[in-house]
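Following our numbering, the residues of the sequence shown are numbered contiguously, the last one being 403.
If you are wondering where the hints come from, they were derived from the structure by calculation, not from laboratory data.
Some hints here could point you the wrong way.
No more than 27 Å apart at the CA atoms, straight line, and that leaves these computed lysine-lysine pairs for DSSO-like [as the list claims (entries may be wrong)]:
#1 Lys98 <-> Lys80
#2 Lys80 <-> Lys55
#3 Lys256 <-> Lys270
#4 Lys176 <-> Lys270
#5 Lys293 <-> Lys308
Distance ranges between label pairs, derived from CB positions [what the hints assert, rightly or not]:
#6 Lys270 <-> Val72: 15 to 25 Å
#7 Asp262 <-> Glu115: 46 to 56 Å
#8 Gly65 <-> Ile26: 48 to 58 Å
#9 Glu115 <-> Val72: 28 to 38 Å
#10 Arg356 <-> His220: 25 to 35 Å
#11 Arg222 <-> Gly279: 34 to 44 Å
Computed from a prediction, not measured in an experiment: that's the story for all the values here.
Virtual Cβ for every residue (Gly too), placed ideally from N, Cα, C.
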Amino acid sequence: MLVLVLNCGSSSIKYQLISMNDETVIAKGLVERLGIEGSRLKHETIGKDTYVLQKPMQTHTEAIGYIMDVLVDPEYGALKDLSEIDAIGHRVVHAGEKYSSSVLINDDVMAALEECVDLAPLHNPPNMDGIRACQQVMPGRPMVAVFDTAFHQTMRPESYLYAIPYDAYEKFGIRKYGFHGTSHKYMAIRAAEMMNVDVNDLKLITCHLGNGASVSAIKHGRSVDTSMGLTPLEGLVMGTRSGDMDPSVVAVLTDKLGISHDETIEMLNKKSGVLGISGISSDFRDLEAAMKKGDKRAELALRVFAHKVRFYIGAYIAEMNGVDAIVFTGGIGENDAYMRNLILSNLGNLGIKIDRTKNASITGDQSFLSTDDSRVAVMVITSKEELMIARETYDIVRRNRYI
1 MLVLVLNCGS SSIKYQLISM NDETVIAKGL VERLGIEGSR LKHETIGKDT
51 YVLQKPMQTH TEAIGYIMDV LVDPEYGALK DLSEIDAIGH RVVHAGEKYS
101 SSVLINDDVM AALEECVDLA PLHNPPNMDG IRACQQVMPG RPMVAVFDTA
151 FHQTMRPESY LYAIPYDAYE KFGIRKYGFH GTSHKYMAIR AAEMMNVDVN
201 DLKLITCHLG NGASVSAIKH GRSVDTSMGL TPLEGLVMGT RSGDMDPSVV
251 AVLTDKLGIS HDETIEMLNK KSGVLGISGI SSDFRDLEAA MKKGDKRAEL
301 ALRVFAHKVR FYIGAYIAEM NGVDAIVFTG GIGENDAYMR NLILSNLGNL
351 GIKIDRTKNA SITGDQSFLS TDDSRVAVMV ITSKEELMIA RETYDIVRRN
401 RYI
């Protein structure tokens, strides 16, 4: 069975074609700068030359049309005909409380996603555009929505409720939802496999650290808490997002700067985080290079980020009454040895010790970083969100007897 996985952002589309017979990636690609100048499609069929198309692409429907064209291209493609694609799995960011697991897409699901646009105005519309585009290009093909929020629906009310009038939760669904759920779920499953222990017997803290970043507490295979909230703005300091802060900051900034509420929220999403502190970049490689040249604000930004991750790790150890393993993934989590060391330094009293030699020389897509005498396993795992989406899609279409 072949599953096409699509992750549609506001100006990008990531995709993979995966054979579920052995869970291998047959082809993958990325559309960048969708709807703006410089649109580009980069496609790779495994074992063939990379194909690059630089051409204006204004809509998701147009871009997905080009993706389908290259998938069946005689020279660069992976298929003879699009009918070889058995199902399509879509990453969808927000389902509110409507769905606690992945679902087969139908009109009711699309209506529910529309109702959740207010909760994810930057994410749900392009996700829905991708679904509609596939419905046009491949009508009748089974499609599955895999939600970022679904894995965190196992949180208890004491974890997800905000201390605001309860009517706001009942009427408007204002609560913590959490994100990166597919990534956190994959990390938990893979960590258990690496430890040769049933995931239901483990207490895990998973750290998805990239430009967007979150930490989750996973107890006995279920998410019990996570750092992101109603939106991805809550939680850790991130590349350009502020993370946790006094809510009154919004009102103060709006008043002092003489800008609108929407402009303040945009500042907190796009001009804050380590970029805001450093004044240099949201890229941790740039900040570490600047720090080595003596830039104090770059160093401060890195220390603030590490402090916040460490804060959540400590809180979740307390919440779960212990931890068996801490897992890192994402661009920073997988590749930044300095940051991993900074986060986990001085945690020996909690039983967390990392081997600096192992930390500095990671090979492959999973590695143990902890010392032999560490009471807590520490590991790096390359998150395979697309594979998780493909697995969910395969399971659902099989249960619904499409295959």
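Evaluation of the provided hints:
Proposed proximity of Lys98 and Lys80 is contradicted: the alpha carbons are some 38 Å apart, above 27 Å. For a cut-off of 27 Å, the pair hint linking Lys80 to Lys55 stands: about 24 Å separates their Cα positions. For the hint pairing Lys256 with Lys270, the CA-to-CA distance comes to about 19 Å; that is within 27 Å, so the pair holds. Restraint check: the Cα-Cα separation between Lys176 and Lys270 comes to about 21 Å, which is no more than 27 Å; the hinted pair holds.
Between Lys293 and Lys308, the direct Cα distance comes to roughly 24 Å. Compliance with the 27 Å bound is thereby established for this hinted pair. The given range of 15 to 25 Å is broken by Lys270 and Val72, whose C-beta atoms sit roughly 38 Å from each other. For Asp262 and Glu115, the hinted distance range of 46 to 56 Å is not satisfied, since their beta carbons lie about 21 Å from each other. For Gly65 paired with Ile26, a C-beta distance near 20 Å fails the hint of 48 to 58 Å.
A C-beta distance of roughly 36 Å is found between Glu115 and Val72, which places it inside the suggested range of 28 to 38 Å. Against the hinted window of 25 to 35 Å, the Cβ-Cβ separation of Arg356 and His220 comes to about 32 Å, which satisfies the hint. Look at Arg222 against Gly279: about 41 Å separates their beta carbons, and that is inside 34 to 44 Å.
The structure is inconsistent with the numbered hints 1, 6, 7, 8, although it conforms to all the rest.
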